[in-house]
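Chemist: Sequence:
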Amino acid sequence: MPPSSSTLEAVASASGRLDRCLAEAFPAISRSRFQSLIADGLVTVEGKLAHESRHKVKLGQRLAVTLPPPAPAEPAAETIALSVVYEDGDLIVIDKPPGLVVHPGAGHHSGTLVNALIAHCGESLSGIGGVQRPGIVHRLDKDTSGLLVVAKTDRAHQGLAKQFAAHGRDDKLERSYLALVWGVPEKTRGTISASLGRSATDRRKVAVSRSATARTAATHYEVIARYGNPPVASLLRCRLETGRTHQIRVHLAHIGHPLLGDLTYGSGFKASERKLPERARNTLKSLNRQALHAATLGFEHPVTGKPLRFESPAPDDFAGLTTALTGD
Numbered sequence: 003m004p005p006s007s008s009t010l011e012a013v014a015s016a017s018g019r020l021d022r023c024l025a026e027a028f029p030a031i032s033r034s035r036f037q038s039l040i041a042d043g044l045v046t047v048e049g050k051l052a053h054e055s056r057h058k059v060k061l062g063q064r065l066a067v068t069l070p071p072p073a074p075a076e077p078a079a080e081t082i083a084l085s086v087v088y089e090d091g092d093l094i095v096i097d098k099p100p101g102l103v104v105h106p107g108a109g110h111h112s113g114t115l116v117n118a119l120i121a122h123c124g125e126s127l128s129g130i131g132g133v134q135r136p137g138i139v140h141r142l143d144k145d146t147s148g149l150l151v152v153a154k155t156d157r158a159h160q161g162l163a164k165q166f167a168a169h170g171r172d173d174k175l176e177r178s179y180l181a182l183v184w185g186v187p188e189k190t191r192g193t194i195s196a197s198l199g200r201s202a203t204d205r206r207k208v209a210v211s212r213s214a215t216a217r218t219a220a221t222h223y224e225v226i227a228r229y230g231n232p233p234v235a236s237l238l239r240c241r242l243e244t245g246r247t248h249q250i251r252v253h254l255a256h257i258g259h260p261l262l263g264d265l266t267y268g269s270g271f272k273a274s275e276r277k278l279p280e281r282a283r284n285t286l287k288s289l290n291r292q293a294l295h296a297a298t299l300g301f302e303h304p305v306t307g308k309p310l311r312f313e314s315p316a317p318d319d320f321a322g323l324t325t326a327l328t329g330d
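Quick note: the sequence shown uses our numbering, first residue 3, plus one each step.
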C-alpha cells in the first residue's frame, strides 16, 4: 500500500514568521522544507491557508501542515554490498571501499553509494526535503577509502550538517585520515593553512589560490612512520579543520609531499618510484589510487546527543603498501 499524507498540528509558542514558527514546533523538519509546503498551499493558520513564509503568526494561533508522502528517490535503488559500521533509525555509518563514487553525477549515473543506500535503507528513509533519499553531509573522493556518515531523516540531516559546517570548532566532530606521502615533512607536526579554489588551468582540479573566491582551508598533520634510509616516504595522520574538495591531497602536494599513487596532484613524483624497494614499487602500481584512508570519524548523534566515535583499519591495499615499504 502506498504511503498516505499526514497532518501535523501545533499551537504557536511565540509570535513571528510562519516558517520559523513551524520549524520551532516541528524540529524534525527543516525550515526550507516548510517554505516549500507553504508555497504548495499545504499550511493553514487558524484554519485559513497561508501562502507566504513571512506570514506573521501570533502567539497561541493554531497551525496545521499537510505532509504529502515522500516522493520516490530519483536515483534508482541498486543492490551493492556495503560495509555497515553502525545504523539506527536516523543515520548510517559506512566504511567505503576505494573505487565507490558517493553521489551520482557526470559519468557516474549508477553504481554509487547513494544508489546502494536507497536499496539498503528502503522505507527507513523518511523523506529528506520531501524526497525519499539519503542525506549526504560529507563526501570522500572515489578512490579514498574509509568512514562516512549519512542521514536517513530530515532532523538528522540538519543536525549533522551543522556539525560538519563547524568542522570541529564546537568539539562535536572529529575526522582523521591516514596518508602515505612522498618524503618526510620537515616538522614532525604541523598545520598547512592555504586557501583553495578551482585551478585556473584545469577546472577539474583544485589549487592553492589567493583569489577572492578561494576558500580558507587548514589541515593538521603528524608524522607516524618513516620508510627507507634515507626516508623516501612516510605515513601521516591528517586532521581536517575545514573540509574542502581534495583538501588533503592539494595541501600535501603544496608542501612538497604529495600522496603516493596520486596521479592528479603528485605526477611530478613518478620518478621517485625508482627509489622504492622492488616489492614496494610493485605494490604501489597495484594500488591504482591515492594512498588516503578516512580512519577516524566521531560526532554527536544529531537526535539523541550521544557521542559516537568509529575507527576503520586501513584496507588491504593500503596496509599492504605500508608493509612493503617497511621491507617486511
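Treat the hints with caution; some may be incorrect.
[What the hints assert, rightly or not] Pairwise CB distance ranges, derived in the manner of DEER restraints:
{"id": "1", "residue 1": "214", "residue 2": "34", "range": "22 to 32 Å"}
{"id": "2", "residue 1": "313", "residue 2": "62", "range": "49 to 59 Å"}
{"id": "3", "residue 1": "273", "residue 2": "125", "range": "48 to 58 Å"}
{"id": "4", "residue 1": "214", "residue 2": "258", "range": "40 to 50 Å"}
{"id": "5", "residue 1": "50", "residue 2": "83", "range": "32 to 42 Å"}
{"id": "6", "residue 1": "89", "residue 2": "317", "range": "12 to 22 Å"}
{"id": "7", "residue 1": "172", "residue 2": "34", "range": "20 to 30 Å"}
{"id": "8", "residue 1": "68", "residue 2": "191", "range": "47 to 57 Å"}
{"id": "9", "residue 1": "89", "residue 2": "287", "range": "29 to 39 Å"}
{"id": "10", "residue 1": "71", "residue 2": "34", "range": "53 to 63 Å"}
{"id": "11", "residue 1": "265", "residue 2": "328", "range": "22 to 32 Å"}
{"id": "12", "residue 1": "68", "residue 2": "167", "range": "28 to 38 Å"}
The set of hints was computed from the structure by calculation and includes no laboratory data. Just so you know, even glycine gets a beta-carbon here, dropped at the ideal spot from N, CA and C.
Chemist: Are any of the numbered hints broken by this structure? If so, which, sorted upward?
Modeler: Hints 4, 5, 10 not satisfied by this model.
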